[in-house]
Amino acid sequence: MIVSWLAGLRQAVSSKLTIGIGGLLALAITSGQSLLEALEPPTLPVLAAGASLDAGRWRIALHEASLTTQSRPDGPPAPDGTQFLALDLDIVNRSSETDNTFARIFIVDPSIDALQPNPIFWLMRDKAILSALQPGLRERVRVIWRLAPGAKVPERLRLVVNGETFKPRDNLFAAPGWFNRKPIAAASLPVAAAEMRP
Amino acid sequence: MSEVAVSHGAARMRRLSLWTLPVVLALGLFLQSYENAWEWWRSRELFAREVPASAAASLGGAEWKLTGLRRVAERSDGRAVMLLDMEAVVRDPEAFALLPCRLVLEAPDGRRWSPQFLTPSEVNRLPERRGLTIPTCTQALASKPAAGATLRIGEGFVLPAGTAGEVRPVLSLPAERPRYLRFQVPG
Amino acid sequence: MSGVFAKLGAPLIAALLLAGMQRFTPGYAEITGPIPLKGDLGETLTGRGFTVRADKVLLAEKLRFKAYGREVERDTGGVFALVIARLDAQPVSTTVSGAIWRSAQGARFVASPRFQGAPRLLGTDRLEPGLPQRGVFIFEVPREAVAGATLLVAASRWPRLDTQAEIALPATLGTPASLLDLNELAYE
Numbered sequence: 001m002i003v004s005w006l007a008g009l010r011q012a013v014s015s016k017l018t019i020g021i022g023g024l025l026a027l028a029i030t031s032g033q034s035l036l037e038a039l040e041p042p043t044l045p046v047l048a049a050g051a052s053l054d055a056g057r058w059r060i061a062l063h064e065a066s067l068t069t070q071s072r073p074d075g076p077p078a079p080d081g082t083q084f085l086a087l088d089l090d091i092v093n094r095s096s097e098t099d100n101t102f103a104r105i106f107i108v109d110p111s112i113d114a115l116q117p118n119p120i121f122w123l124m125r126d127k128a129i130l131s132a133l134q135p136g137l138r139e140r141v142r143v144i145w146r147l148a149p150g151a152k153v154p155e156r157l158r159l160v161v162n163g164e165t166f167k168p169r170d171n172l173f174a175a176p177g178w179f180n181r182k183p184i185a186a187a188s189l190p191v192a193a194a195e196m197r198p
Numbered sequence: 199m200s201e202v203a204v205s206h207g208a209a210r211m212r213r214l215s216l217w218t219l220p221v222v223l224a225l226g227l228f229l230q231s232y233e234n235a236w237e238w239w240r241s242r243e244l245f246a247r248e249v250p251a252s253a254a255a256s257l258g259g260a261e262w263k264l265t266g267l268r269r270v271a272e273r274s275d276g277r278a279v280m281l282l283d284m285e286a287v288v289r290d291p292e293a294f295a296l297l298p299c300r301l302v303l304e305a306p307d308g309r310r311w312s313p314q315f316l317t318p319s320e321v322n323r324l325p326e327r328r329g330l331t332i333p334t335c336t337q338a339l340a341s342k343p344a345a346g347a348t349l350r351i352g353e354g355f356v357l358p359a360g361t362a363g364e365v366r367p368v369l370s371l372p373a374e375r376p377r378y379l380r381f382q383v384p385g
Numbered sequence: 386m387s388g389v390f391a392k393l394g395a396p397l398i399a400a401l402l403l404a405g406m407q408r409f410t411p412g413y414a415e416i417t418g419p420i421p422l423k424g425d426l427g428e429t430l431t432g433r434g435f436t437v438r439a440d441k442v443l444l445a446e447k448l449r450f451k452a453y454g455r456e457v458e459r460d461t462g463g464v465f466a467l468v469i470a471r472l473d474a475q476p477v478s479t480t481v482s483g484a485i486w487r488s489a490q491g492a493r494f495v496a497s498p499r500f501q502g503a504p505r506l507l508g509t510d511r512l513e514p515g516l517p518q519r520g521v522f523i524f525e526v527p528r529e530a531v532a533g534a535t536l537l538v539a540a541s542r543w544p545r546l547d548t549q550a551e552i553a554l555p556a557t558l559g560t561p562a563s564l565l566d567l568n569e570l571a572y573e
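Residue numbers (this note's numbering), protein chains in the order written: chain A, 1 to 198; chain B, 199 to 385; chain C, 386 to 573.
Rather than coming from a laboratory, the hints here were simulated on the basis of the structure. The structure displayed is predicted, hence computed values, not measured ones. For every residue, glycine included, the Cβ atom is placed at its ideal position computed from N, Cα and C. Don't take each hint at face value.
Estimated spans, in silico, between C-beta atoms of each pair [what the hints assert, rightly or not]:
| no. | chain 1 | residue 1 | chain 2 | residue 2 | range |
| --- | --- | --- | --- | --- | --- |
| 1 | C | Thr480 | A | Arg181 | 30 to 38 Å |
| 2 | B | Gly360 | C | Gly412 | 29 to 37 Å |
| 3 | A | Pro168 | C | Arg511 | 35 to 43 Å |
| 4 | B | Val383 | C | Arg519 | 46 to 54 Å |
| 5 | A | Phe166 | B | Ser215 | 31 to 39 Å |
| 6 | C | Ser541 | B | Trp239 | 42 to 50 Å |
| 7 | C | Thr480 | A | Pro45 | 43 to 51 Å |
| 8 | C | Ser541 | B | Gly346 | 41 to 49 Å |
| 9 | A | Ala151 | C | Leu426 | 31 to 39 Å |
| 10 | C | Met406 | A | Phe166 | 20 to 28 Å |
To spell it out: a stretch of chain C is covered by chain A in this simulated footprint if at least three of its residues, at any positions, have a beta carbon under 8 Å from a beta carbon of chain A; those stretches are [claimed, not checked]:
| no. | region |
| --- | --- |
| 11 | 468–475 |
| 12 | 491–499 |
With the rest of the complex left out, here is chain A:
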């Protein structure tokens, strides 16, 4: 009788201890995580113009930003004098799938009010709208933003490049995919003045 009562007590104490230690451990880990996040350096590595950067799903090299009067790479100047901001870059699709998510590669940060959203990505090889990047083939791409009429033209374009990591099995469908998009580098490009073309 006494023996079984003692055994029961031992079990109760040990289970309470386990729960307590587990809870403390969880608390320590989460506070450690938030502390680490708070400590994370706010400055991203600097990406120089022309240097190539491995961003997991993509490898990119930013070349130059310039003002232009053309809405497309081979088009005539816009008749109403609208200006455009063009960014030249190289993109390699490093994944194993044909891909069209290139609009996620970078964001303009801080955002510039003069730039109208949803720029168009042009494939310079075809002077046509880029619709897909084939794996392992480097392409020269021009991104063209329309500038709001009468807006102040930015002098510099600061871009934050996003990286993604590959997961062979995701948590929901156990299918391979690219996840955890986060900023990995920043570049600041001078905006060259509009070329005067006859």
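With the hints as your guide, set chains B and C onto chain A.
Frame of chain A, contents of chains B and C only:
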């Protein structure tokens, strides 16, 4: 434990639980898959109703009548272009407006051709169609007509010239699947 | 001895078993994935909604074609791989828009979208039963992705519980032609 005698009532309870288990499992499966099974049932075409030539039949809130199935052109590569004309008198506008409409041509061997957009030059060859825009089945359903309205519906098909003589129009609407209509072609 | 085993061995075995199951049970995407239909060049494969036969593979560095009255020339950083094939719908009208060049290394190249308006491009127009289409699938791939590739053909890019024809392509292909004209290819 095993030597401990079990009372008569407890044994009965256990047996009962064991026998209820399959019933509960079946019920669980049914509740889980009920919606999927129902959706599957409503998306199938299982029971055909044969509509005699030049007769009307009701389906999905309207009276449907085949008014013409003609071969209007034959392309050089052995393709025939066919035009199908139907007439629908709306009885129940709510059921009638359920999309999409599935209007196809069916050969005796089960092959089916879906409607195609035809170039105006192919359609306008018919004198009575000149200058007319006849809605397709889905367009007619989407126009949400009132009860009593009579709609003219036209669809174009491209199919092998050899099968053009033996195909029959088949109409199925989401409101009444798995029942559907198969029209007899006059002549 | 048996006490120690019960305390340490059983949880260990359970952990190993669980890890193994987590690692090797097929995932949802695999269970509900494409249903493969394997074949060779020149063989007619009959899937659930279509039949396909690939006849020939051609390589080119440049392609030329007429689209909407304009002469277009396309070049590439890799090489263009063309597969001359025949598609037929069976038994109902359908579109076969999931053609993929799978390299020996496993990379998947979707048919190039750079050829809109090109003649006899497969996968763009709807197929009607009894009216087979003979034409070409065009892929743009790096040179190292050419040898020992597989052509995948399905109704969509990600078929779910549906046929995906897997056609083994030749292990070696000749040197690419410097320029091919799509309007002058022998499709028949």
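So, going through the hints one by one against the coordinates:
At about 32 Å, the beta-carbon gap between Thr480 of chain C and Arg181 of chain A stays in the expected band of 30 to 38 Å. Separation of Gly360 of chain B from Gly412 of chain C is about 47 Å and departs from the stated range, judged on CB atoms against 29 to 37 Å. The given range of 35 to 43 Å is respected by Pro168 of chain A and Arg511 of chain C, whose C-beta atoms sit roughly 36 Å from each other. Distance hint for Val383 of chain B and Arg519 of chain C: a CB-CB separation of about 32 Å, inconsistent with the stated range 46 to 54 Å.
At roughly 49 Å, the beta-carbon separation of Phe166 of chain A and Ser215 of chain B lies outside the given 31 to 39 Å, and the hint is violated. Ser541 of chain C and Trp239 of chain B have their C-beta atoms about 25 Å apart, which leaves the hinted 42 to 50 Å range violated. The beta-carbon spacing between Thr480 of chain C and Pro45 of chain A, approximately 46 Å, falls within the hinted interval of 43 to 51 Å. With their beta carbons about 42 Å apart, Ser541 of chain C and Gly346 of chain B fall inside the hinted range of 41 to 49 Å.
The beta-carbon spacing between Ala151 of chain A and Leu426 of chain C, approximately 58 Å, falls outside the hinted interval of 31 to 39 Å. Look at Met406 of chain C against Phe166 of chain A: about 23 Å separates their beta carbons, and that is inside 20 to 28 Å. For the region 468–475 of chain C, the assignment as covered by chain A is violated, since 0 residues bring a beta-carbon within under 8 Å of that chain's beta-carbons and 3 are needed. With 8 residues bearing a CB less than 8 Å from a CB of chain A, the region 491–499 of chain C meets the requirement of three and the coverage assertion stands.
Checked against the numbered hints listed earlier, the structure breaks hints 2, 4, 5, 6, 9, 11; every other hint is satisfied.
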